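Q: In order, the protein sequences belong to chains A and B.
Heads up: the first sequence begins at 0 in numbering that gives the first Met the number 0, then just goes up one per residue.
Heads up: the second sequence begins at 0 in numbering that gives the first Met the number 0, then just goes up one per residue.
Just to be clear, a hint being listed does not mean it is correct.
Listed next, with one range per pair, are the computed distances between beta-carbon atoms [said to hold, decoys possible]:
(1) A:81 - B:293: 55 to 61 Å
(2) A:183 - B:174: 19 to 25 Å
(3) A:293 - B:53: 42 to 48 Å
(4) A:174 - B:293: 17 to 23 Å
(5) B:85 - A:136: 32 to 38 Å
(6) A:91 - B:149: 23 to 29 Å
(7) A:420 - B:174: 58 to 64 Å
(8) A:135 - B:47: 56 to 62 Å
(9) A:378 - B:149: 34 to 40 Å
In short, the hints are calculated from the structure, not lab data.
Computed from a predicted structure; not experimentally measured.
Note that the Cβ used here is the ideal one computed from N, Cα and C, for glycine as well.
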Amino acid sequence: MQMLYRSGRACRKGNEVTRGTHRVFAGIAAIGITAGTVGASGWADSAAAADEITITFWNYWDGTNGEAMQALVDQYNEEHPEVNVENVFIGFGDLLPKLQAAVAGGQAPDVAALDLVWMPQIARSGRVAALDDYVAAADVDLSDVYPEVLAVDTYEDTLFGLPVSTNNLQLFINRDLFVAAGLDPDAPPADWDELRELAADCTNPDDNVYGLELFTEPGEGLTWQFQTYLWQAGGEFLNDDNTAAAFNSPAGAAALQLWVDMLQTDESAPLAPWGQFGQGAACMVMDGSWMVGGFAADSPFDFGTAPLPYPADGGPATNMGGEHAVVFTNDDAVTEQAAFDFVAWMSSAEVQEDWDLDTGFMPIRSVVAESPTYLEAIETELPQLLPFVENQQYARSRPPIANYAEVSDAFSRALEPALLGDTDVATALNDAENAVNELLTNA
Amino acid sequence: MNAVAPRDWPLRRLTGWYRRANRLGDVSTAALFLLPTFAILGVFTIAPIVQSGRLSLFEWDGLSPDKRFVGFDNYVELWRSGLLSNSLRVTLIYTIGVSLGSLFCGLAIAVAIDYVGRGAGIYRAIYFLPAVAATVAVSIVWKLLLDPNRGYINIFLDHFGVDGPNWLRSSWALPAVMVVGIWRRIGFNTIVFLAGMRSVDTSVLEAAAIDGAGTWRRIRHVMIPLLAPMTLLVLIMGVIDGFLVFDQIFVMTGGGPVGRTEVLGILLHAQAFDYFKIGSASAIGIVVFVAVAAITGAQWLMFGTGRRGVQQ
């Protein structure tokens, strides 16, 4: 018996041995085949990749903008066979977190198009390449780029990115509601007094229609809309070296008072979630050029656009948004150069003109804004964009400080009680000034 | 001398040398089997918590290669600015309200379904639906319902001549989000309680009936105490969920107005991804961890496993 046990395998019933052995051999074979296939394909891939430089390009453009960018990327890949640009879409809310994780994990993309508000932080991080030398070496012409737009990319006198799109805020009018209220839709308000009057006239509480939609929820939305009014009144958000708040001034008080009057006194502006104009519940709104295409295609009402009204003793001004492209530092100089070449191509005048016509983004260069072909195309296809194009020159950029998001949040929080009618204008501005100054000194 | 080799002879052969070498054979075998679980737990749960604790002592923007050691400054700054205390207060109110509210509602509905008996499956499905619906979609719908001018809730109130408030932009914001939170949790609690009721020995209930206990007394004095383990489970899960709530509040109020609904999750998100302050965000994460651990621990101590006092 012991002998049987020792030489167990040969003496076991045939079935069990065969099955067991078969399983083992099958397993080894499966693993071998898989390994071989993967290895072989990997080998083939790396052989192909050796000829091409891959540039990963992260951006949050979706819908028609995404399609336009994909078309541009395809065009670039065709014209430059030695480079393969990969257009990677990442949703707006996810882009920064994913970028942080990727950078921490050493998997940063080569190029990214980022909201201009993030630029100060990104430029400081030490993860993106300084572009001055590249610009000089390639003789890239930046002379006609709007100064305020280019200022966003500059940190400590060094260029850390190039603009690829911009936009600004102007007045949208619901022509149907204007007509229903007996107002002339072709006579937009020219100054703040008219704005207040028209808003009050157009308000119809029975139909839940309001005159002017303002962004009243806390956050950057409120801050950036308010800044427009502040600048128009001749005020400034922060002082020249960005060390203290400057909005607690007569201009700031005038701007905030206008908002409070319309929200609380006239009740011509609603304290509702953003989007009332799009639902046909507001006669006017200050919104961005990026909305024009969508409204033109989809809106159930007839809409018009007009330059923003500014106070008689002030001047035209508007806020700007947009995306700027950065090149992440790469040990491989060839890849970094290829990434820069792509970015420079994206911001060149020829590409920008097509890009702007396809997306409705505003020109970053005056050459494009004044180009006859561009203007003609706009006038024929989307004339509502003209006020935005003409007023891009008055667009101002927000303070390029690292903790801008915190400052903006604190500012909007302090203003909210005034908008809700819980406190008066002076107190709100004082609280805002204190909160902002504290953040600026701690930075 | 073995007549026939035992069936598990391969395993015994393989581990034989190990178990012979090891006097405490059983304990170390058990340890060996627990190793994979602990390894996964360690890598995916414990290590990130420790790393978070470490990061909370630094100032870092999440992008640059430099981290600056600041000790407990992040915690101190969060407390001093009032952000942390406000957030803790809001989160506690939310958590207590939602876990207790959904507990009572869930229990009531479970008792009702059990009592009715017929159509239990359909009722279970209906009440569980909110729990499985996507949080963001649900939150958007509620936000539209609560719109002060065009939302159905205010239109409905208008029919009765009641002027509905601006729900999400006033002091009604926190109650409103809490109602949505309770509404979402009820289904899950109901299912847990129903499962508990299934496992209750009917003989106990019959004995009570024989002793003259009416339906209500049977429910209140026999059934509910027997559901104590379920109650503890539901409470603990409610507390954990309450402290971790984020999506729903982010969509509905964004933490406003003026921080009235700024729970710890919202504060953490803003610090990490809006302000680029990973150190501060990690500090908040550690606060959440400590708070949930403390409350859960207290619950365990107070109620044991829920089985004490129920044993016959």
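Q: Look at each hint and say if it fits the structure.
A: Checked hints:
no.	hint	result
1	A:81 - B:293: 55 to 61 Å	holds, 60 Å
2	A:183 - B:174: 19 to 25 Å	violated, 45 Å
3	A:293 - B:53: 42 to 48 Å	holds, 46 Å
4	A:174 - B:293: 17 to 23 Å	violated, 60 Å
5	B:85 - A:136: 32 to 38 Å	violated, 53 Å
6	A:91 - B:149: 23 to 29 Å	holds, 26 Å
7	A:420 - B:174: 58 to 64 Å	violated, 20 Å
8	A:135 - B:47: 56 to 62 Å	violated, 45 Å
9	A:378 - B:149: 34 to 40 Å	holds, 36 Å
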